[in-house]
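**Student:** Each chain, written out:
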Amino acid sequence: MLRKLLVVLLLFPTMLSLASPEKDFEQFVDYFKERFPNTPYEDYKNGVYSIDKSAREQWEAMEEFPPYELNVDRGEELFNTPFKNGNTYGSCFENDGIGVRQNYPYFDEKKGKVVTLEGALNECRVENGEKPLSYFKGKELAHVSAYMAYTSRGNKFNVQIPNTKEALEAYENGKRLYFTKKGQLNFSCADCHVYQTGTKLRADIPSPAIGHPTHFPVYRSGMGRLVTLHERFSGCLNRIRAKGLPGGSDELNNLEFFTTFMSNGLEVNGPGSRK
Amino acid sequence: MTCIHLYNVAMKSLIKFLIIIIFATPMYSHADNIEEGKKLTFDRKKGNCLACHMIDDGELAGNNGPPLLAMKQRFPDREVLFQQIWDPTENNPYSFMPPFGKHGALTKNEINKIMDYLYTL
Chain A
1 MLRKLLVVLL LFPTMLSLAS PEKDFEQFVD YFKERFPNTP YEDYKNGVYS IDKSAREQWE
61 AMEEFPPYEL NVDRGEELFN TPFKNGNTYG SCFENDGIGV RQNYPYFDEK KGKVVTLEGA
121 LNECRVENGE KPLSYFKGKE LAHVSAYMAY TSRGNKFNVQ IPNTKEALEA YENGKRLYFT
181 KKGQLNFSCA DCHVYQTGTK LRADIPSPAI GHPTHFPVYR SGMGRLVTLH ERFSGCLNRI
241 RAKGLPGGSD ELNNLEFFTT FMSNGLEVNG PGSRK
Chain B
1 MTCIHLYNVA MKSLIKFLII IIFATPMYSH ADNIEEGKKL TFDRKKGNCL ACHMIDDGEL
61 AGNNGPPLLA MKQRFPDREV LFQQIWDPTE NNPYSFMPPF GKHGALTKNE INKIMDYLYT
121 L
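Quick note, the sequences are listed as chains A and B, same order.
Just so you know, we're using the working numbering here: the first sequence kicks off at 1 and counts up by one.
Just so you know, we're using the working numbering here: the second sequence kicks off at 1 and counts up by one.
There are no misleading hints in this set.
Pairs of lysine-lysine, DSS-like flavour, derived with a Cα cap of 27 Å: (1) LYS46/B to LYS200/A; (2) LYS45/B to LYS181/A; (3) LYS102/B to LYS200/A; (4) LYS181/A to LYS102/B; (5) LYS23/A to LYS165/A; (6) LYS45/B to LYS137/A; (7) LYS275/A to LYS45/B; (8) LYS275/A to LYS46/B; (9) LYS45/B to LYS200/A.
Derived from the structure by calculation, the hints contain no laboratory data.
Sequences are here, hints too, so could you generate the full structure?
**Tutor:** Okay, here's the thing in structure tokens:
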């Protein structure tokens with residue numbers, strides 16, 4: 001019943017003039033509170049481990065010797081390596097790029113679009129005469145992002161959605177992508193990360209939609225490397241046999257905008273580690 | 001005499017052989033279907049039904065869908081079972097179960113083999 005209500009309320013926002021990002025957020029929080037009464041809101045930053053006790057113990061043991069330590073070191077090195085023109089990544093960011101992860105994504109009113117941290121890093125490169133980097137395969141972009149997240153741990157996300165048509169549209173587009181069934185297997189993101197969260201798909205338990213972006217990029221032990229948020233989004237799209245979307249595309253930027261808004265108030269705890 | 005005897009023996013074997021072929025073939029291929037059906041049901045790239053259903057001796061079964069058992073009693077009408085696998089959204093538009101047939105993840109033939117297997121449960 002609750003599930004059907006949520007589908008109706010979230011999927012058809014225009015039918016209910018009440019709907020606003022803030023209302024959506026309240027509904028999300030209430031829904032998950034009812035589903036997982038033992039999980040305090042702050043704990044959703046830990047993804048699936050916020051609802052799966054037995055997996056959590058193994059994960060906490062792994063975090064004692066974080067598998068991403070070398071990646072953070074490498075990220076720091078790359079972050080501080082000057083471009084050909086002598087500038088560094090830090091020159092493009094507030095506070096020289098230290099402790100700013102929580103300020104992304106944001107809606108840039110001049111550009112009329114969502115800017116993510118990885119997007120800002122690539123823009124920084126282009127402005128300094130360098131080529132933009134791929135979001136995939138855990139290369140330089142993932143490393144620099146991991147380092148920047150690391151310097152921001154404990155800071156809280158507080159994504160703002162300006163009350164303009166364009167910003168609200170970006171949010172709505174992200175939300176629609178999250179709730180629309182697609183691909184050969186006909187799943188929406190919400191099918192797994194809202195309605196079936198906590199149930200078992202073979203040995204996998206899909207995590208709650210709240211708290212997805214807080215710990216990205218993630219070191220995946222199964223892959224032995226870092227994975228950016230957009231690569232992870234694409235991974236789930238592939239899994240449902242839907243068409244992939246390029247890293248940094250407007251669609252994935254909007255998806256990140258929606259899911260990060262749904263994580264407001266949570267701490268940055270990236271990079272994370274997952275299986 | 002021995003010639004006729006040999007001829008008779010040969011003829012009898014031939015007839016036996018033909019009888020076996022005629023009667024055993026459909027049975028043999030039905031058993032084959034069941035085995036193939038089980039493979040299709042468990043294969044992650046095909047039905048992957050274990051992702052959501054407890055079935056038989058399948059390991060690491062999911063629990064989103066109901067356990068698949070007592071199929072003959074619960075699905076006396078083969079057409080109803082076919083429809084659930086072809087396109088569960090007909091019955092429940094919010095169904096979490098993929099429309100395997102409608103979306104081309106499984107062919108009619110494959111679904112039929114899966115059903116042959118399911119009806120043994």
